[in-house]
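Asker: Protein chains in written order, with the working numbering: chain S, 207 to 382; chain C, 1028 to 1424.
Calculated from the structure, these hints are not laboratory results. Treat the numbers as computed from the prediction; the structure is a model and nothing was measured. Misleading hints may appear alongside valid ones.
[Stated by the list, open to error] Going by beta-carbon spacing under 7 angstroms, a handful of chain S positions derived as facing chain C:
(1) L238
(2) G246
(3) N306
(4) L367
[Said to hold, decoys possible] Restraint-style ranges between C-beta atoms, simulated for each label pair:
(5) C:W1102 to S:T350: 39 to 45 angstroms
(6) C:W1102 to S:V335: 46 to 52 angstroms
(7) S:N212 to C:Q1078: 29 to 35 angstroms
(8) C:G1061 to S:A219: 39 to 45 angstroms
(9) S:L352 to C:F1172: 51 to 57 angstroms
(10) C:K1113 to S:N353: 33 to 39 angstroms
(11) S:E255 to C:P1389: 28 to 34 angstroms
(12) C:D1394 to S:F228: 22 to 28 angstroms
(13) C:L1169 to S:A219: 34 to 40 angstroms
(14) S:K221 to C:F1172: 25 to 31 angstroms
[Stated by the list, open to error] Facing chain S, according to a computed beta carbon distance under 10 angstroms, are these residues of chain C, among others:
(15) A1075
(16) R1080
(17) R1085
(18) T1387
Backbone N, C-alpha and C fix where the C-beta goes; we use that ideal spot for every residue, glycine too.
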Amino acid sequence: MAIVVNRPKLTTAEKFYLPAIFAGLAITWKHLKRALFNKGIVTMQYPEEKWDANLPAWYRGAPTLVVDENGREKCVSCQLCEFICPPRAITIKPMEIPENDPWRKVEKRPEAFDIDMARCIYCGLCEEVCPEEAIFLRKDYSITGLNRAEMVHDKETLYKLGGVMKGLTFKWNELK
Amino acid sequence: MDTALILHFLTTPLVFLIWTTFLKTFILLNVVLGVVSVTVFAERKVSAFIQDRTGPNRVGIPMTLLGGKKDIPFWGLGQMIADPVKLLTKENFVPAGVNKFFFWLAPKLVLLPPLLVLAVLPFGSSLFGVEMTIANINAGVLFIFAVTSLSVYGITIAGWASNSKFPFIGGIRSSSQMISYELALGLSIIPIFMVCGTLNINEIIDWQIKNGWLVAPYWPHGFSLGQLLHPHDLIHSLVAGVSLERFLLWIPLMISFVIFLVSIFAETNRLPFDLPEAEQELVGGYHTEYSSMNFASFFLGEYAAMFAGSGAIVSIFLGGWSLPIIPDGSQGWFWGLVNIGVWFAKVSVILLFMIWIRWTLPRFRYDQLMKLGWLGFFPIALFNIFLTAVILAVVHH
Ligand code: SF4
Ligand code: SF4
Chain S
207 MAIVVNRPKL TTAEKFYLPA IFAGLAITWK HLKRALFNKG IVTMQYPEEK WDANLPAWYR
267 GAPTLVVDEN GREKCVSCQL CEFICPPRAI TIKPMEIPEN DPWRKVEKRP EAFDIDMARC
327 IYCGLCEEVC PEEAIFLRKD YSITGLNRAE MVHDKETLYK LGGVMKGLTF KWNELK
Chain C
1028 MDTALILHFL TTPLVFLIWT TFLKTFILLN VVLGVVSVTV FAERKVSAFI QDRTGPNRVG
1088 IPMTLLGGKK DIPFWGLGQM IADPVKLLTK ENFVPAGVNK FFFWLAPKLV LLPPLLVLAV
1148 LPFGSSLFGV EMTIANINAG VLFIFAVTSL SVYGITIAGW ASNSKFPFIG GIRSSSQMIS
1208 YELALGLSII PIFMVCGTLN INEIIDWQIK NGWLVAPYWP HGFSLGQLLH PHDLIHSLVA
1268 GVSLERFLLW IPLMISFVIF LVSIFAETNR LPFDLPEAEQ ELVGGYHTEY SSMNFASFFL
1328 GEYAAMFAGS GAIVSIFLGG WSLPIIPDGS QGWFWGLVNI GVWFAKVSVI LLFMIWIRWT
1388 LPRFRYDQLM KLGWLGFFPI ALFNIFLTAV ILAVVHH
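Okay, chain S solo, but in the shape it has when bound (with noise of 0.2 angstroms):
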């Protein structure tokens, strides 16, 4: 349904803009007076302050690998986030777990896992795709590197980033 707003008659003194202007230097002013007595300034100095605390629980930070409560890591290289993910940020080398091992059941895990940070957009679809709730998206923002290399989290890097998910998946475990 159209609206019709009815243009508001300007009297003279609206007409010449210089009231309102007064008007808008007196509030510019207060605020400046304020600010310079340090006051009402709302700037946060960034790498001393953060916001941490009050990111929401769905906050998509750097993706990183995390490892069960039994200590078993939950990445069964099935390279289904290597293929998703959408400006290819990952590369896996997927390994046979050796006869001796106790996940020996499991049969695969990542050799090597890298995610190159400079690349990743935090789209969030590896953890979206993960059948087996191995990569999270954690609240880590602030990656940086002086090169190219320096931005690849390597396993290594992801595992610590990511630490231990408790109670997700069960299907691995001894039956009782």
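Fit chain C with the ligands to the supplied structure of chain S, relying on the hints for placement.
Answerer: Chain C with the ligands only, in chain S's frame:
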């Protein structure tokens, strides 16, 4: 050659004029560069404060680079050096398809006029008998108008040579903006000539020293420091200052002042009239395609124009380098320096006012500016001339 001979050579009138002029030009050019970076810093700081932010507050003395533990932030004053260094060390990118010659020429054309304006502005009375104006010419005010309107060429050429749509629109806007306010700017000054009877800026200032600033309706006549000791003389000069003529003339002079002030805003492309630049609509307008030192020239030109514009306002309406009671440079070099200080203080106030306005008012719409210029200021300025003439005619009969 012995020193006496050299001294004699340096003090022959023509030689003296030449080397003092070069010295003044050199010093003023350097001061302008300094003033520009201070103004940019002030602009960033004031804008931050007005928007409840902190502004640049970190760049100071980099002690960590020198092996220290902590940097000294120094209220962010290092930003004044960091900004130009950043601009200087960036890549000077010239897009393919631009008209190279004009692309390189345009920034220089923008930078030149404000510097030329500064040549005729008296920034002090005199120092050691040397007049603190680089060129004391009789048509000073006309020179200012002639030169400042040239800066629009730089902007238009930049817009055209960039071979890209946004700069082009910016350039076109600039030229049509100029014809809208330039007439009013020129006409607004005519009442001042009628009142002071001269086009020479130094003489306008002399008139203001004797009769009071043009924006002040009342001025003690012949007021001086010695009178404070003689109450009788003091009262005499206070009473002598009251005249019907000044109060009547105050009306057209204030109108002139407002029109001139607003037109200077348009002249220097400051908000609310920064239509050629218009970051939000035109991605920076005429300088969109520029980078590094070419961009810095535009930047420098804009701020130098602000400085020159403020200087013109101060010299024509606010008494130039004069302050009541304070004697001029003929009373000794100390007072000469004080006069220079007074001029810079007044100019700084106007500069701060310009910054304050910029962070208060939104940009005028394109047609609003044209309407303001053609239907508002132009007729008012014309009418103002007649008003002044009538007042002068009535009072002098
Ligand atoms: S968050 Fe998106 S871009 Fe980043 S690794 Fe996962 S799938 Fe790739
Ligand atoms: S992280 Fe998940 S999706 Fe990616 S390879 Fe491992 S198990 Fe597969």
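Asker: Take the hints in turn and mark each one as holding or not.
Answerer: Each hint, compared with the structure:
Checking S:L238 against chain C by beta carbon gives a least distance of about 5 angstroms; that is within 7 angstroms, so the hint holds. Because the beta carbon of S:G246 sits about 5 angstroms from the nearest beta carbon in chain C, less than 7 angstroms, this interface hint is met. Given hint, S:N306 at the interface with chain C, is violated; its Cβ is 52 angstroms from that chain's nearest Cβ, farther than 7 angstroms. With its C-beta approaching chain C no nearer than about 28 angstroms, S:L367 sits outside the 7 angstroms limit, and its interface hint is violated.
Roughly 27 angstroms separates the CB atoms of C:W1102 and S:T350, a value that falls outside the hinted 39 to 45 angstroms. Taking the beta carbon of each, C:W1102 and S:V335 are about 51 angstroms apart, inside 46 to 52 angstroms as hinted. Under the hint 29 to 35 angstroms, the C-beta atoms of S:N212 and C:Q1078, about 33 angstroms apart, fit the expected range. C:G1061 and S:A219 have their C-beta atoms about 42 angstroms apart, which keeps the hinted 39 to 45 angstroms range intact.
For the pair S:L352 and C:F1172, the beta carbons lie near 54 angstroms from each other, so the given range of 51 to 57 angstroms is met. Between C:K1113 and S:N353, the C-beta spacing of about 22 angstroms breaks the proposed range 33 to 39 angstroms. Against the hinted window of 28 to 34 angstroms, the Cβ-Cβ separation of S:E255 and C:P1389 comes to about 32 angstroms, which satisfies the hint. Hint check: C:D1394 to S:F228, Cβ distance near 24 angstroms, so the stated range 22 to 28 angstroms holds.
Remark: the range hint 34 to 40 angstroms for C:L1169 to S:A219 is upheld by a beta-carbon distance near 36 angstroms. Taken as a hint, the range 25 to 31 angstroms holds for the pair S:K221 and C:F1172, whose Cβ atoms sit roughly 29 angstroms apart. At its closest, the beta carbon of C:A1075 sits 7 angstroms from a beta carbon of chain S; the interface hint therefore holds under the 10 angstroms criterion. Among the interface hints, the one on C:R1080 holds; its C-beta lies about 5 angstroms from the nearest C-beta in chain S, closer than the 10 angstroms criterion.
A hinted interface residue such as C:R1085 counts as satisfied when its beta carbon comes closer than 10 angstroms to some beta carbon of chain S; here the least separation is about 9 angstroms, so the hint holds. Satisfaction of the interface hint for C:T1387 is found here, the shortest Cβ-Cβ separation to chain S being roughly 4 angstroms, below the 10 angstroms cut-off.
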